[in-house]
Amino acid sequence: MATLADVAKKANVSKMTVSRVINHPDQVSDELKQLVYTAMEELEYVPNYAARALVQNRTQVVKFLILEEIDTVEPYYMNLLTGISRELDKYSYSLQLVTQKSKNIGPYDGLIVTGMRDREVEKVMVGLEKPVIAYGENRRDVDAIDVDNRFGAELATKHVYDIGFRHIIFFGINLLEEEFMRSRLTGYSEVMKAHDLIEESYFMKNSSRIAEKKALDILSRVREPIAVICASDRMALGVVRAATSLHKRFGEDIAVTGFDGVFLDRISSPKITTVRSPVIEMGEACAQVLLKKINEGGAKQGSVLFSPELIIRGSTVIGRE
Numbered sequence: 001m002a003t004l005a006d007v008a009k010k011a012n013v014s015k016m017t018v019s020r021v022i023n024h025p026d027q028v029s030d031e032l033k034q035l036v037y038t039a040m041e042e043l044e045y046v047p048n049y050a051a052r053a054l055v056q057n058r059t060q061v062v063k064f065l066i067l068e069e070i071d072t073v074e075p076y077y078m079n080l081l082t083g084i085s086r087e088l089d090k091y092s093y094s095l096q097l098v099t100q101k102s103k104n105i106g107p108y109d110g111l112i113v114t115g116m117r118d119r120e121v122e123k124v125m126v127g128l129e130k131p132v133i134a135y136g137e138n139r140r141d142v143d144a145i146d147v148d149n150r151f152g153a154e155l156a157t158k159h160v161y162d163i164g165f166r167h168i169i170f171f172g173i174n175l176l177e178e179e180f181m182r183s184r185l186t187g188y189s190e191v192m193k194a195h196d197l198i199e200e201s202y203f204m205k206n207s208s209r210i211a212e213k214k215a216l217d218i219l220s221r222v223r224e225p226i227a228v229i230c231a232s233d234r235m236a237l238g239v240v241r242a243a244t245s246l247h248k249r250f251g252e253d254i255a256v257t258g259f260d261g262v263f264l265d266r267i268s269s270p271k272i273t274t275v276r277s278p279v280i281e282m283g284e285a286c287a288q289v290l291l292k293k294i295n296e297g298g299a300k301q302g303s304v305l306f307s308p309e310l311i312i313r314g315s316t317v318i319g320r321e
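In full-length UniProt numbering, the protein residues as written are 1 to 321.
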């Protein structure tokens, strides 16, 4: 069985460096980490994480708290959890899903929270002694990971403007108390103001059926070309269905954009032009930031916003799938 000394010799580094890579990877350069990880893999060396956890008074457990209603078939969270788990697995951490009531039941080293409203921050944080980060923008100075929601909405709105649409409306989720929703609305609003266009916003539950019903009402009355900037792919899916039923020509009579880019954008016909969030990578970052915070005794880490990507498809451009 390979030892730590064997790994050090194989990687041509000191045993102290190998130990630091295993116990404090945030303190080591990527180049050194790669050398050590490669040597560990070639020698099939497995660190004794149980012993390390005992020495450091760690549990090797991270909890994930979801404070919002989610559809059990929603692929978004599966991608997020995949990213978190993939990163935690590198350090032999396990991931537990918990509820608001159970978050303090059982030992753990850190907590990732999603769906935390501004008004709920104090309630969520009360009694917590372990490091916490949020998945999602917030105004309460909680360390967080999210996509740049404002920039994403700007990309979508600029796109439909550039292809010739001047009547551009916004379909938002009725969660204006959430920072991500305010940011997406701001992105739309700023582009509209920059081009002296009249803003028109509607807010509803994040439901394709409800969005379809609202779109049918609006599109049946509107005669000029219209673009609908949707705050989610789920809503965009409903708007596409409504436009199709009214025989609207995509890219001419109507343009529809979504947000998220996780599966739902690809099951529509035509496929939806969307603002894609790198959800798996964001999940990995959640784990990385939280583990760094744990290793640094709960030190402030700040917030990280990932850049979104506009994926142009047939819901806005003629001839695209």
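Since the hints were derived computationally from the structure, they do not count as laboratory data. Cβ coordinates follow ideal geometry from the N, Cα and C atoms, glycine included. Hints should not be assumed to be uniformly reliable.
[What the hints assert, rightly or not] Lysine to any residue pairs mimicking SDA-like chemistry, simulated, CA-CA at most 25 angstroms apart: (1) K271 - R209; (2) K193 - Y161; (3) K193 - V222; (4) K193 - D253; (5) K158 - L128; (6) K292 - G164; (7) K214 - M192; (8) K158 - M192; (9) K214 - R313; (10) K214 - S183.
[As the list claims (entries may be wrong)] Now the in silico label distances, taken between C-beta atoms and shown as ranges: (11) M16 - H195: 57 to 65 angstroms; (12) D26 - V46: 28 to 36 angstroms; (13) I105 - V46: 25 to 33 angstroms; (14) I267 - M16: 47 to 55 angstroms; (15) E321 - L4: 47 to 55 angstroms; (16) Q96 - K193: 40 to 48 angstroms; (17) E224 - G298: 50 to 58 angstroms; (18) E199 - L246: 20 to 28 angstroms; (19) I318 - V46: 24 to 32 angstroms; (20) E224 - E129: 56 to 64 angstroms; (21) E224 - G106: 54 to 62 angstroms; (22) G302 - R221: 44 to 52 angstroms; (23) H24 - N104: 43 to 51 angstroms.
These are the hints, each one checked on the structure:
1. K271 - R209: holds, 17 angstroms
2. K193 - Y161: holds, 12 angstroms
3. K193 - V222: holds, 22 angstroms
4. K193 - D253: holds, 23 angstroms
5. K158 - L128: Measuring from Cα to Cα gives roughly 43 angstroms; hence the hint is violated.
6. K292 - G164: violated, 47 angstroms
7. K214 - M192: holds, 22 angstroms
8. K158 - M192: Between K158 and M192 the Cα gap is close to 9 angstroms, so the pair holds against 25 angstroms.
9. K214 - R313: Holds, at about 23 angstroms.
10. K214 - S183: holds, 23 angstroms
11. M16 - H195: 57 to 65 angstroms: Holds, at about 60 angstroms.
12. D26 - V46: 28 to 36 angstroms: Distance hint for D26, V46 is violated at roughly 21 angstroms.
13. I105 - V46: 25 to 33 angstroms: Holds - the Cβ-Cβ distance for I105 and V46, about 30 angstroms, lies within 25 to 33 angstroms.
14. I267 - M16: 47 to 55 angstroms: Cβ of I267 to Cβ of M16: about 52 angstroms, so the range 47 to 55 angstroms holds.
15. E321 - L4: 47 to 55 angstroms: The hint (47 to 55 angstroms, Cβ to Cβ) holds, given that E321 and L4 are roughly 53 angstroms apart.
16. Q96 - K193: 40 to 48 angstroms: holds, 45 angstroms
17. E224 - G298: 50 to 58 angstroms: For G298 against E224, whose Cβ atoms are near 56 angstroms apart, the range 50 to 58 angstroms holds.
18. E199 - L246: 20 to 28 angstroms: holds, 24 angstroms
19. I318 - V46: 24 to 32 angstroms: violated, 56 angstroms
20. E224 - E129: 56 to 64 angstroms: At 58 angstroms between Cβs, range holds.
21. E224 - G106: 54 to 62 angstroms: Holds, since E224 and G106 (Cβ atoms, about 59 angstroms apart) stay within the stated range.
22. G302 - R221: 44 to 52 angstroms: holds, 47 angstroms
23. H24 - N104: 43 to 51 angstroms: Cβ of H24 to Cβ of N104: about 27 angstroms, so the range 43 to 51 angstroms is violated.
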